[in-house]
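Following the hints, position chain V against chain W.
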Amino acid sequence: MNTEQFIQTLSADSQMEQRVDRSLVIALVVSGLITGGLFLALFGIRPDIGTAITRPDVLLKQVFPWVVALAGLRIVVRLSRPGAKAGAWIWPLLAVPVAILLAIGQEMMLISPELWARTAMGHSAMICLSTIPLLALPIAAVCFWVLRDGAATRPALCGAFAGLMSGGAAAAMYAFFCTDDSPMFFGIWYVAGIGIVTLAGAVAGKKFLKW
Amino acid sequence: MGTAGDASLEELLKAANRGDQRAYTGFLTAVTPLLRGIARSRGSGLGNEVCEDIVQETLLAIHQKRHTWREDLPVRPWLYAIVRYKVVDAFRSRGRRVHMQIDDFAETIAAEPDDDLTVRSDMDRVISQLDDRSAKIVRSIGIDGDSIADVSGKLGMTETAVRVALHRGLKKLSGLRERMIE
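So the sequence lines, in the order shown, correspond to chains W and V. Numbering-wise (the numbering used here), the first sequence opens with residue 71 and increments by one. Numbering-wise (the numbering used here), the second sequence opens with residue 3 and increments by one.
For the record, the hints were derived by calculation from the structure and aren't laboratory data. From the three backbone atoms N, C-alpha and C, an ideal C-beta is built for every residue, glycine too. Certain hints may be false.
Unchecked claim - Straight-line distance between alpha carbons at most 25 Å, and here's what the computed BS3-like set of lysine-lysine pairs gives:
| id | chain 1 | residue 1 | chain 2 | residue 2 |
| --- | --- | --- | --- | --- |
| 1 | V | LYS174 | W | LYS277 |
| 2 | V | LYS138 | V | LYS156 |
| 3 | W | LYS155 | W | LYS280 |
| 4 | V | LYS138 | V | LYS174 |
| 5 | V | LYS138 | V | LYS173 |
| 6 | V | LYS174 | V | LYS156 |
| 7 | W | LYS277 | W | LYS155 |
| 8 | W | LYS277 | V | LYS173 |
| 9 | W | LYS280 | V | LYS174 |
| 10 | W | LYS276 | V | LYS174 |
| 11 | V | LYS173 | W | LYS280 |
| 12 | W | LYS276 | V | LYS173 |
| 13 | V | LYS156 | W | LYS155 |
What the hints assert, rightly or not - Listed next, with one range per pair, are the computed distances between beta-carbon atoms:
| id | chain 1 | residue 1 | chain 2 | residue 2 | range |
| --- | --- | --- | --- | --- | --- |
| 14 | V | GLU73 | W | PRO183 | 57 to 63 Å |
| 15 | V | GLU51 | W | ALA226 | 28 to 34 Å |
| 16 | W | ALA165 | V | ASP152 | 58 to 64 Å |
| 17 | W | VAL133 | V | GLY97 | 47 to 53 Å |
| 18 | V | SER46 | W | GLY107 | 55 to 61 Å |
| 19 | W | VAL133 | V | ARG98 | 49 to 55 Å |
| 20 | V | ASP133 | W | GLN85 | 14 to 20 Å |
| 21 | W | GLN88 | V | GLY177 | 14 to 20 Å |
| 22 | V | ALA112 | W | TRP136 | 45 to 51 Å |
| 23 | V | LYS16 | W | ALA169 | 38 to 44 Å |
| 24 | V | ARG135 | W | SER200 | 48 to 54 Å |
| 25 | V | ARG98 | W | LYS276 | 20 to 26 Å |
| 26 | W | LYS280 | V | ARG24 | 30 to 36 Å |
Just chain W, same shape as in the assembly (with noise of 0.2 Å):
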C-alpha cells in the first residue's frame, strides 16, 4: 500500500479518541473521592478537626497536598499534548517546599535541638509513609489508563507529574486522618510518601504511556 493509499485509509475512519483533559479531571475527582471516601469511613476523621485546622501548621499540611494535586493535574494535562511545556503551574508547585521549609525554621526556633527528633519521627511515620502511597495506588491506576489515551512526548516525566499528582490527593485525603502536626514530621513524611509515588509514577510512564 503506497502513503496516498494509506492516507485514503486513514481519512475515511472518522471516530476520535476522547479529549483526555476532561476524563482525566473526572479520573481524578472520581477515583480520589472513592479512595478517602473509604479510608476515612473505615478509620475516621480525626475527632478535633474544626479546631485544629485553625492552627497554621494543621492549615498547611491539610492545604498543600490540594495544592500539589491541583498543579500536579494541570501539568500533566499540558504533558499528555504533544509539543506542550510545563508551563506556569509549576509555580504554585514550587511555592509548596518553599512555605513548608519556612514552617519548619519557626518551628526549630520554637522547640529545643533535643526535641527536633522526637518531633519529626511523630507517632506515625510510617503508617504515613506506607498508607500515602497506598491510597495514591488505586488513584494513579485510573490515572494512568486514562492517560494511554493522551499522547506523552516525554512519557516517563508524564507519568512522574501523574504519580505526584495522585500522591497530593492521597494526602489530601490522609491529612484529615492524621493528627501529627508537626511541619517537621509532614515536611518529611508527606513529602516522602508523595516522592515515593512520583518515582513510581515515572517508571510506570516510561513503561505504559510509550505509543
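Structure of chain V alone, referenced to chain W:
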C-alpha cells in the same frame, strides 16, 4: 508544503476533527511531503523505501493522536513534536540513532514520492497480521479506493459496523507496530 500556509493546516485539521473527510485527506496529504523530507534527510543511507515506511508510521501516529491537538494552538509545534517522537522511534527500531532538533524541521525540504513506489511496505506486513475482515476493510478502502458504503455493500455489513471495524483495525495496527519495534 506547497502553497498551504500554517493557517490552512489549522483550518484543515479543525474541519477534519469535526468529521470533514476531504479536509482530513487534505491535511494528511499536505503534511506528507514534509514528513518525507525529514525522514530522508535524517535517514540518508536507509533508502527511500524504508523512509516511506517511516512516513506511514508517522502518519498513523498523527491519526491516532489527532484529538490531542488543541484548536486554539498552532498545528506545527504539535505536529513536529509527534514527528520527532515517532521518527526517533522508527529509526531506533531499525538500529539507527538520530538526533533531532525541532528547530531544524523548518528548514527541511519537502520531498515527493518516487515513481517506483514501494510495492510491499512495512505497513502491508502489519496489515496482514490483522484479522481477515479488518485487513479486508483497510485494503479495500486504501488500495481499491472504496468508500465506507462500498465496503458495507461488498462485505454485507452495516456502515456503522464497517466504521467501527475500521477504527478498531487501525488502532490495532499501531499496537502491532509497537510490538514489532520492541
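A quick look at each hint next to the structure:
Proposed proximity of LYS174 of chain V and LYS277 of chain W is supported: the alpha carbons are some 18 Å apart, at most 25 Å. With a C-alpha separation of about 10 Å, the suggested pairing of LYS138 of chain V with LYS156 of chain V holds against the 25 Å cut-off. For the suggested pair LYS155 of chain W and LYS280 of chain W, the alpha carbons sit about 18 Å apart, so the restraint of at most 25 Å is met. For the given pair, LYS138 of chain V sits about 14 Å from LYS174 of chain V by alpha-carbon distance, which is consistent with the 25 Å threshold.
Restraint check: the Cα-Cα separation between LYS138 of chain V and LYS173 of chain V comes to about 15 Å, which is no more than 25 Å; the hinted pair holds. Only pairs whose Cα atoms come within 25 Å are accepted, and LYS174 of chain V paired with LYS156 of chain V is accepted, the gap being roughly 23 Å. The suggested pairing of LYS277 of chain W with LYS155 of chain W holds, with an alpha-carbon distance near 21 Å, which does not exceed 25 Å. Using a Cα cut-off of 25 Å, the hinted pair LYS277 of chain W and LYS173 of chain V holds, with the two alpha carbons roughly 19 Å apart.
For the suggested pair LYS280 of chain W and LYS174 of chain V, the alpha carbons sit about 15 Å apart, so the restraint of at most 25 Å is met. Restraint check for LYS276 of chain W and LYS174 of chain V: satisfied, since their Cα atoms lie roughly 21 Å apart, inside the 25 Å limit. The suggested pairing of LYS173 of chain V with LYS280 of chain W holds, with an alpha-carbon distance near 14 Å, which does not exceed 25 Å. Note on LYS276 of chain W and LYS173 of chain V: the hinted pairing holds, with a Cα-Cα distance of about 21 Å set against a maximum of 25 Å.
Only pairs whose Cα atoms come within 25 Å are accepted, and LYS156 of chain V paired with LYS155 of chain W is rejected, the gap being roughly 47 Å. Between GLU73 of chain V and PRO183 of chain W the beta carbons are some 58 Å apart, a value that agrees with the proposed interval 57 to 63 Å. Restraint check, GLU51 of chain V to ALA226 of chain W: a C-beta distance of roughly 33 Å satisfies the suggested window 28 to 34 Å. Take ALA165 of chain W and ASP152 of chain V: their Cβ atoms lie about 60 Å apart, and the range 58 to 64 Å holds.
A hinted range of 47 to 53 Å for the beta carbons of VAL133 of chain W and GLY97 of chain V is consistent with their spacing of about 52 Å. Between SER46 of chain V and GLY107 of chain W the C-beta distance comes to about 59 Å, which sits within the given range of 55 to 61 Å. Roughly 50 Å separates the CB atoms of VAL133 of chain W and ARG98 of chain V, a value that falls within the hinted 49 to 55 Å. Between ASP133 of chain V and GLN85 of chain W the beta carbon distance is about 18 Å. The supplied range of 14 to 20 Å therefore holds.
Hint check: GLN88 of chain W to GLY177 of chain V, Cβ distance near 18 Å, so the stated range 14 to 20 Å holds. Between ALA112 of chain V and TRP136 of chain W the beta carbons are some 49 Å apart, a value that agrees with the proposed interval 45 to 51 Å. Checked against the hint of 38 to 44 Å, the C-beta distance between LYS16 of chain V and ALA169 of chain W comes to roughly 42 Å, which is consistent with it. Look at ARG135 of chain V against SER200 of chain W: about 50 Å separates their beta carbons, and that is inside 48 to 54 Å.
For the pair ARG98 of chain V and LYS276 of chain W, the beta carbons lie near 21 Å from each other, so the given range of 20 to 26 Å is met. Between LYS280 of chain W and ARG24 of chain V the CB atoms are about 33 Å apart, so this pair conforms to the stated range of 30 to 36 Å.
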